[in-house]
Amino acid sequence: GENVEQHPSTLSVQEGDSAVIKCTYSDSASNYFPWYKQELGKGPQLIIDIRSNVGEKKDQRIAVTLNKTAKHFSLHITETQPEDSAVYFCAASYQAGTALIFGKGTTLSVSS
Amino acid sequence: SAVISQKPSRDICQRGTSLTIQCQVDSQVTMMFWYRQQPGQSLTLIATANQGSEATYESGFVIDKFPISRPNLTFSTLTVSNMSPEDSSIYLCSADPGQGATRGLDTQYFGPGTRLTVL
Numbered sequence: 001g002e003n004v005e006q007h008p009s010t011l012s013v014q015e016g017d018s019a020v021i022k023c024t025y026s027d028s029a030s031n032y033f034p035w036y037k038q039e040l041g042k043g044p045q046l047i048i049d050i051r052s053n054v055g056e057k058k059d060q061r062i063a064v065t066l067n068k069t070a071k072h073f074s075l076h077i078t079e080t081q082p083e084d085s086a087v088y089f090c091a092a093s094y095q096a097g098t099a100l101i102f103g104k105g106t107t108l109s110v111s112s
Numbered sequence: 001s002a003v004i005s006q007k008p009s010r011d012i013c014q015r016g017t018s019l020t021i022q023c024q025v026d027s028q029v030t031m032m033f034w035y036r037q038q039p040g041q042s043l044t045l046i047a048t049a050n051q052g053s054e055a056t057y058e059s060g061f062v063i064d065k066f067p068i069s070r071p072n073l074t075f076s077t078l079t080v081s082n083m084s085p086e087d088s089s090i091y092l093c094s095a096d097p098g099q100g101a102t103r104g105l106d107t108q109y110f111g112p113g114t115r116l117t118v119l
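These protein sequence lines are chains A and B, in that order. Going by my numbering, the first sequence opens with residue 1, and the numbers climb by one from there. Going by my numbering, the second sequence opens with residue 1, and the numbers climb by one from there.
Source of the hints: derived by calculation from the structure; they are not laboratory data. In this text, a Cβ means the ideal position worked out from N, Cα and C, and glycines have one as well. A portion of the hints provided could be inaccurate.
[What the hints assert, rightly or not] Beta-carbon label-pair distances, calculated as ranges: (1) B:Ser18 - A:Lys68: 40 to 50 angstroms; (2) B:Pro67 - A:Asp27: 25 to 35 angstroms; (3) A:Glu2 - B:Gln28: 25 to 35 angstroms; (4) B:Glu58 - A:Asn67: 26 to 36 angstroms; (5) A:Leu40 - B:Asp26: 17 to 27 angstroms.
[Said to hold, decoys possible] From the derived model, a few chain B residues whose C-beta atoms are all more than 12 angstroms from chain A: (6) Ser9; (7) Arg10; (8) Arg15; (9) Gly16; (10) Thr17; (11) Ser18; (12) Leu19; (13) Thr20; (14) Asp26; (15) Phe33; (16) Ser53; (17) Phe66; (18) Thr74; (19) Ser81; (20) Thr107.
Next comes chain A alone, as it looks inside the complex:
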């Protein structure tokens, strides 16, 4: 079955710096890769996703890149702000709407 590895487990940056979180997956049949942000005491919230027919997607300060050959995808957050501090999870699935396999999460801390 699918396995998703996520690195790093913790990441500390200064406000205004960029943050990058990387994930690798094992199943070449996976075609859908969402990223979720989870704040303390809340459920995961989708922040961006990418499908296998796209190599990069951007939404304001957030971007995701996908390399299907190498089976890895990355989340890039630019101009980080303290409110970006949270746990970020990557996930993979056969297609959107099917069960997600999650990475172990990255705790991002942005200090001002």
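Position chain B relative to chain A; hints supplied.
Okay, now just chain B, sitting in the frame of chain A:
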């Protein structure tokens, strides 16, 4: 998109008892999912619940311990049976709002979770 609510938001239960968690979606959805998130850990899929059929359980999760109901297209329940302290976790439901031709075009939305503590 979909807005998902869960009840209760948290509970403290005694060993050996059972708790039923409710999940309500604001639109009709084909597929709903139940995940468990142990403290400080990632999300692990418990089962997939489709309306009109039996839930499909992942390895390590069984129906006797986690019975699921899916009576209609907007609602599902997960029961945690005969609880032990090891069941202390956050239980999350999610749904994919896509149906028919739009299935696979949207994404999974999560509820706020139910924080369960078993003493």
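- Query: Going through the earlier hints one by one, which of them does the structure break, listed in rising order?
  - Reply: Violated hints (numbers, rising): 6, 7, 15, 20; every other hint is consistent with the structure.
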